[in-house]
Amino acid sequence: NAGVMQNPRHLVRRRGQEARLRCSPMKGHSHVYWYRQLPEEGLKFMVYLQKENIIDESGMPKERFSAEFPKEGPSILRIQQVVRGDSAAYFCASSRESSGNTIYFGEGSWLTVV
Amino acid sequence: AQSVTQLDSHVSVSEGTPVLLRCNYSSSYSPSLFWYVQHPNKGLQLLLKYTSAATLVKGINGFEAEFKKSETSFHLTKPSAHMSDAAEYFCVVSDNYNQGGKLIFGQGTELSVKP
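If you read the protein sequences in the order shown, they are chains A and B.
With the working numbering applied, the first sequence corresponds to residues 1 to 114, in that order.
With the working numbering applied, the second sequence corresponds to residues 1 to 115, in that order.
Think of the hints as simulated: they come from the structure by calculation, not from any bench.
Predicted model, so just to flag it, every value in this text is computed and none were measured.
Beta carbons are placed, not taken as given, at the ideal position from N, Cα and C, and that holds for glycine.
Mixed in with the good hints there might be a few duds.
Mimicking EDC-like on lysine to aspartate or glutamate, the simulated pairs with C-alpha atoms at most 16 Å apart in a straight line are [said to hold, decoys possible]:
#: 1; chain 1: A; residue 1: K27; chain 2: A; residue 2: E97
#: 2; chain 1: B; residue 1: K42; chain 2: A; residue 2: E41
#: 3; chain 1: B; residue 1: K42; chain 2: A; residue 2: E40
Taking CB as the label site, the calculated pair distances span [stated by the list, open to error]:
#: 4; chain 1: B; residue 1: P115; chain 2: A; residue 2: R84; range: 34 to 40 Å
#: 5; chain 1: B; residue 1: L46; chain 2: A; residue 2: P8; range: 23 to 29 Å
#: 6; chain 1: B; residue 1: L56; chain 2: A; residue 2: R20; range: 42 to 48 Å
#: 7; chain 1: A; residue 1: K27; chain 2: B; residue 2: K114; range: 39 to 45 Å
#: 8; chain 1: B; residue 1: P115; chain 2: A; residue 2: Q81; range: 45 to 51 Å
#: 9; chain 1: A; residue 1: L38; chain 2: B; residue 2: L46; range: 20 to 26 Å
#: 10; chain 1: A; residue 1: G59; chain 2: B; residue 2: T17; range: 36 to 42 Å
#: 11; chain 1: B; residue 1: T77; chain 2: A; residue 2: G16; range: 46 to 52 Å
#: 12; chain 1: A; residue 1: R14; chain 2: B; residue 2: E15; range: 42 to 48 Å
#: 13; chain 1: B; residue 1: G16; chain 2: A; residue 2: E68; range: 47 to 53 Å
#: 14; chain 1: B; residue 1: T72; chain 2: A; residue 2: R20; range: 38 to 44 Å
Which bits of chain B does chain A cover? Going by a derived footprint, with three or more residues having C-beta under 8 Å, they are [stated by the list, open to error]:
#: 15; region: 39-45
#: 16; region: 105-112
So here's chain B without its partners, still in its complex pose:
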């Protein structure tokens, strides 16, 4: 069975400082991993995805994530936070072999950015 754990329910950073949102996954098969962002009362936007190609994945808006199989982690980073980055972030795992397109979501990490 797959699962995903977001280690922080809330992260607060100052504008211009680095962002780190942590995610650990569990999967019996070779997983696909995603990060989605949700702004208040809005839908989900895909930031980036890992599908067994390069382990360092670059996404939109300056975000990137590194797949580390030995640590079963897929942490999301950004060198310099912007006020517009304040939102809820979800780490997501998909088992391509058995689950079709079914996604398993983490509980979310709320990112606050202080001026």
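So that you can see chain A by itself, here it is in the shape it has in the complex:
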């Protein structure tokens, strides 16, 4: 049973380009979460999604960032017009239910903006 799969693991983008990060949850998991880890900091919640629905996006920056979890396929975190401050590790996690269930993390996608 594969864990949470994220790709790419490492991504380099120039300022102004778009970054797309993909996440396939564990088999049987319908809840997906995205977290961001800035250098020397802990992880910060960004967004919580179920299939075709955004449940909580309270941690998402107001501009340039969006997330989706379509009926078919992986969850996508999209960052438009990237800036240097977007350089971070982005972690995806999944769970079976929204509460009372363990959340499993992927190995992360490291975004570097040059």
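Got chain A sorted already, so can you dock chain B onto it with the hints?
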């Protein structure tokens, strides 16, 4: 609102000696508490979790943590450190009633293990 405070940003121990990583939490509801470990440039691995059952929780790799409501603490311990324990450790709180699966992370404690 929930929060979690890891009292030490860096802890250094010698191999074979005990490990203590301290964590205090704040939560309006009955919290779930977790410890995760992150090795350099790697993802997060769950060490253990507390979800209102036994207050002393045993995890993987010999780690354990005790939930103390009166002290609002959830410190992580291990009797004897191993070189492979060197990593970043995160104390995490989740409010099951209102937050779905949203987790609140502490700032992390870096554990160094000297030979």
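Each hint, compared with the structure:
no.: 1; hint: K27(A) with E97(A); verdict: holds (13 Å)
no.: 2; hint: K42(B) with E41(A); verdict: holds (15 Å)
no.: 3; hint: K42(B) with E40(A); verdict: holds (14 Å)
no.: 4; hint: P115(B) with R84(A): 34 to 40 Å; verdict: holds (38 Å)
no.: 5; hint: L46(B) with P8(A): 23 to 29 Å; verdict: holds (24 Å)
no.: 6; hint: L56(B) with R20(A): 42 to 48 Å; verdict: holds (44 Å)
no.: 7; hint: K27(A) with K114(B): 39 to 45 Å; verdict: holds (41 Å)
no.: 8; hint: P115(B) with Q81(A): 45 to 51 Å; verdict: holds (48 Å)
no.: 9; hint: L38(A) with L46(B): 20 to 26 Å; verdict: holds (22 Å)
no.: 10; hint: G59(A) with T17(B): 36 to 42 Å; verdict: holds (38 Å)
no.: 11; hint: T77(B) with G16(A): 46 to 52 Å; verdict: holds (48 Å)
no.: 12; hint: R14(A) with E15(B): 42 to 48 Å; verdict: holds (45 Å)
no.: 13; hint: G16(B) with E68(A): 47 to 53 Å; verdict: holds (49 Å)
no.: 14; hint: T72(B) with R20(A): 38 to 44 Å; verdict: holds (41 Å)
no.: 15; hint: 39-45; verdict: holds (count 5)
no.: 16; hint: 105-112; verdict: holds (count 4)
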